[in-house]
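Peer 1: Protein chains in written order, with numbering that gives the first Met the number 0: chain A, 0 to 436; chain B, 0 to 236.
Honestly, the hints are just simulated from the structure, not real lab data.
The beta carbon of each residue, even a glycine, is placed where N, CA and C say it ideally should be.
Be a bit skeptical, because a hint or two may be false.
Derived Cβ-Cβ restraints for the label pairs, each shown as a range [claimed, not checked]:
#	chain 1	residue 1	chain 2	residue 2	range
1	A	F300	B	S188	37 to 47 Å
2	A	M216	B	I202	33 to 43 Å
3	B	L22	A	I430	21 to 31 Å
4	A	V360	B	Q160	26 to 36 Å
5	A	P209	B	T120	19 to 29 Å
Once the Cα atoms are required to be at most 20 Å apart in a straight line, the calculated SDA-like pairs of lysine to any residue come out as [to be verified]:
#	chain 1	residue 1	chain 2	residue 2
6	B	K145	A	F32
7	B	K145	B	D155
8	B	K145	A	R41
9	B	K145	A	T50
10	B	K145	A	K124
11	B	K145	A	D219
12	B	K145	A	G134
13	B	K172	B	Q162
14	A	K215	A	R84
15	A	K124	A	P304
16	B	K145	A	G44
17	A	K124	A	S79
18	B	K145	A	F222
19	B	K145	A	K215
20	B	K145	B	S4
21	B	K145	A	T53
22	B	K172	B	L152
23	B	K145	B	Q162
24	B	K172	B	I144
25	B	K145	A	M49
26	B	K145	B	T157
27	A	K124	A	A43
28	B	K145	B	T176
29	A	K124	A	G134
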Amino acid sequence: MTELYATLIFLFALFALLGGSVWVGLALVGVAFIGMELFTSRPAGDAMIMTIWTGASSWTLTALPLFIWMGEILYRTRLSGDMFRGLAPWMRWLPGGLLHTNIAGCTIFAAVSGSSAATLTTVGKMSIPELRRRGYPEYMIIGTLAGAATLGLMIPPSLTLIVYGVSINESITKLFLAGVIPGLVLAGLFMLYIIGWHFLRPGERPRPEPRMSIGKMFHDSRFLLPVLALVFIVIGSMYFGWATATEAAAVGVIGALLLAAMQRSLTFETFFASLMGATRTSAMIALILMGASFLSLSMGFTGLPRALAGWIDEMQLSPIILIAALTVFYIILGMFLDGISSVVLTMAIVEPMIRQAGIDVIWFGVFVVVVVEMAQVTPPIGFNLFVLQGMTQHEISYIARTAIPMVLLMVLMVIILVVWPELATWLPDNIRQRPND
Amino acid sequence: MSDWSSYFGVPLWVWLFVLPTLLAVGARFSRHHIERPLRRLWALLDMLYLGSGVCAAIFMLLILLLIAVQMTARWTGLTFEGSTEFAGYAMAATSFFALAHALSRGAHIRVSIFLNINQFTRLWLDAAATLLGAIIATYFARYAIKTNFLSALLNDRTQGQDQIPEWVVTVLKMFGTFPSEWAALWRASGDAQIYTPVWVPQIPMSIGTVLLAICMWDQLIRLLVTGQTAIQRETVE
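My request is simple: use the sequences and hints to build the entire structure.
Peer 2: Okay, here's the thing in structure tokens:
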């Protein structure tokens, strides 16, 4: 049973290095090295660099820094102020009132940025003080914001989906389009929750907003419309096959720069800060991807993925049971790891499993994003919780409690995706004549 | 183990892994005396990391430029041979050059759940993790350099359609040769377009990984000398 011992050592090293707070990318390289030494006589170092170089210099990956940069530019403009002012007049009529600006604001910002934390800060900076001033209950403000900000991961451009696409070698464009409808459905679920609150807890409603003329409504949302136009150009150019994901990202960056210039918030400082910020974030993800590509090479030698896929086959597990098991697995993993790390870490093992079970990989990408979204708001490690703690000075446990209904809604979303897989697969199946990417 | 052959009678792995570790331990014991003089060196290193971060940013601008040109070329019916390869090289350069800068600004993520238990783990678990990270990063850099040299030795060429002028390659070769050989180098060099030798875009990989390794050892020594992490974190990226 030496094979078993070797596997145990390999897994132990993985948990020890990650739990021992070694930087995720480097920890993956270390674990992969141990796997190579245990399971194969191939020279580890040379194989490592060949794999890493091929991955790091790939054309598909170039969409990543550009989409990050686009989000960074808009994050540093006065967009967040405009967001609340522009959205508020349109949301006042809905039952639940201005709480909907949290959801709508996050949905819009998610469509220009791939990061959940940036979405959260941009929207929260403005909406938290405004909603508090109007007397909305604190738990609703914090909870809906924490949940809706996770849409940043799902609505394209999504960094998690880029990373997923690069790891399993699938088209980024298809994955992005697959995320659109489920993202909107999830946003709709959050809005239904607010409407439900409005009718079930009438005692907590604040005073209704004063009337407003149509002209003022449009005047107040004048900066929001160009952002929406940018969103449609970026997503539309991918859908209609005018541009690959990378090209759409380049268009997005140029459009974001133009918008910032239009707002007169494009100074040399903000330009430089956005560029350097994007460089750092993309290097962070690149390092994790480097570690992950070496790890999946090494993982192949351990025979773990094949054994697990074979085991799934033997057990005659139905796809539904498999998806249920994977949901639990990812939620547990997500308690300790961020979304991108848990995706890259598991793909080498999970990919053969899902292909074996006959699950559509594009659909699975959307599924994975929903589950890692939950991880963003579940303690002890939830990125959104930390960001919100910094912004509101509430206890993590309080913020996590307010977000529980959102987590339940995300579980409901997983069920919806299983029942109606077309939500994710319909749009990518209908792309027009897409160029190669 | 030819990968770790001896230099000055000492195997390479002693130079790369043991020596920096001993240096870090020594720095811990003499921390009260060396902190002041070291601060100058640290300021210098910070500038180095920032500089490589700026390099990375320039390559990111280059990606944008390459893709913009490629798109215009496609719409106007012109061809831009090898644009995807060039964008890929720029991508690699961006990632590798920014590694050290991202580390010094706390952009690389780690699981910090055990780190924040108490003061003891904050220092010693962090030190252990940084030491391990430094060893892994050094290993990474060692093989990046080896692969880079092998690509040059075997004269590996690109698999794609991308070509660069030969004089660019010659200029880069000048850095690896003695000035006395430069005349011969230029005589042998033509002015034609040649398929990109793989070692050229691999140079940022060597530089970037070496800087990352230096940065890791640097962070370890700073941590041991000052007793607290030197990584300044920006609130939200």
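Peer 1: For every hint, state whether the structure bears it out.
Peer 2: Right, here's what the structure says about each hint:
1. A:F300 <-> B:S188: 37 to 47 Å: Check passed, 43 Å falls within 37 to 47 Å.
2. A:M216 <-> B:I202: 33 to 43 Å: Violated: the Cβ-Cβ distance is about 56 Å, outside 33 to 43 Å.
3. B:L22 <-> A:I430: 21 to 31 Å: violated (56 Å)
4. A:V360 <-> B:Q160: 26 to 36 Å: Roughly 29 Å apart at Cβ, these two residues keep to the hinted range, so it holds.
5. A:P209 <-> B:T120: 19 to 29 Å: violated (54 Å)
6. B:K145 <-> A:F32: Cα-Cα ~17 Å, so holds.
7. B:K145 <-> B:D155: holds (14 Å)
8. B:K145 <-> A:R41: holds (16 Å)
9. B:K145 <-> A:T50: holds (14 Å)
10. B:K145 <-> A:K124: violated (49 Å)
11. B:K145 <-> A:D219: violated (60 Å)
12. B:K145 <-> A:G134: violated (64 Å)
13. B:K172 <-> B:Q162: Distance of about 17 Å is within 20 Å: holds.
14. A:K215 <-> A:R84: holds (11 Å)
15. A:K124 <-> A:P304: violated (44 Å)
16. B:K145 <-> A:G44: holds (9 Å)
17. A:K124 <-> A:S79: holds (7 Å)
18. B:K145 <-> A:F222: Measuring from Cα to Cα gives roughly 53 Å; hence the hint is violated.
19. B:K145 <-> A:K215: violated (65 Å)
20. B:K145 <-> B:S4: holds (13 Å)
21. B:K145 <-> A:T53: holds (16 Å)
22. B:K172 <-> B:L152: Since the Cα atoms of K172 (chain B) and L152 (chain B) sit roughly 12 Å apart, the hinted pair holds (cutoff 20 Å).
23. B:K145 <-> B:Q162: The hint is violated at about 24 Å.
24. B:K172 <-> B:I144: Given pair K172 (chain B), I144 (chain B) holds - Cα atoms ~15 Å apart, limit 20 Å.
25. B:K145 <-> A:M49: holds (11 Å)
26. B:K145 <-> B:T157: With Cα atoms ~18 Å apart, K145 (chain B) and T157 (chain B) stay inside 20 Å; holds.
27. A:K124 <-> A:A43: violated (48 Å)
28. B:K145 <-> B:T176: Holds, at roughly 17 Å.
29. A:K124 <-> A:G134: holds (17 Å)
Checked against the numbered hints listed earlier, the structure breaks hints 2, 3, 5, 10, 11, 12, 15, 18, 19, 23 and 27; every other hint is satisfied.
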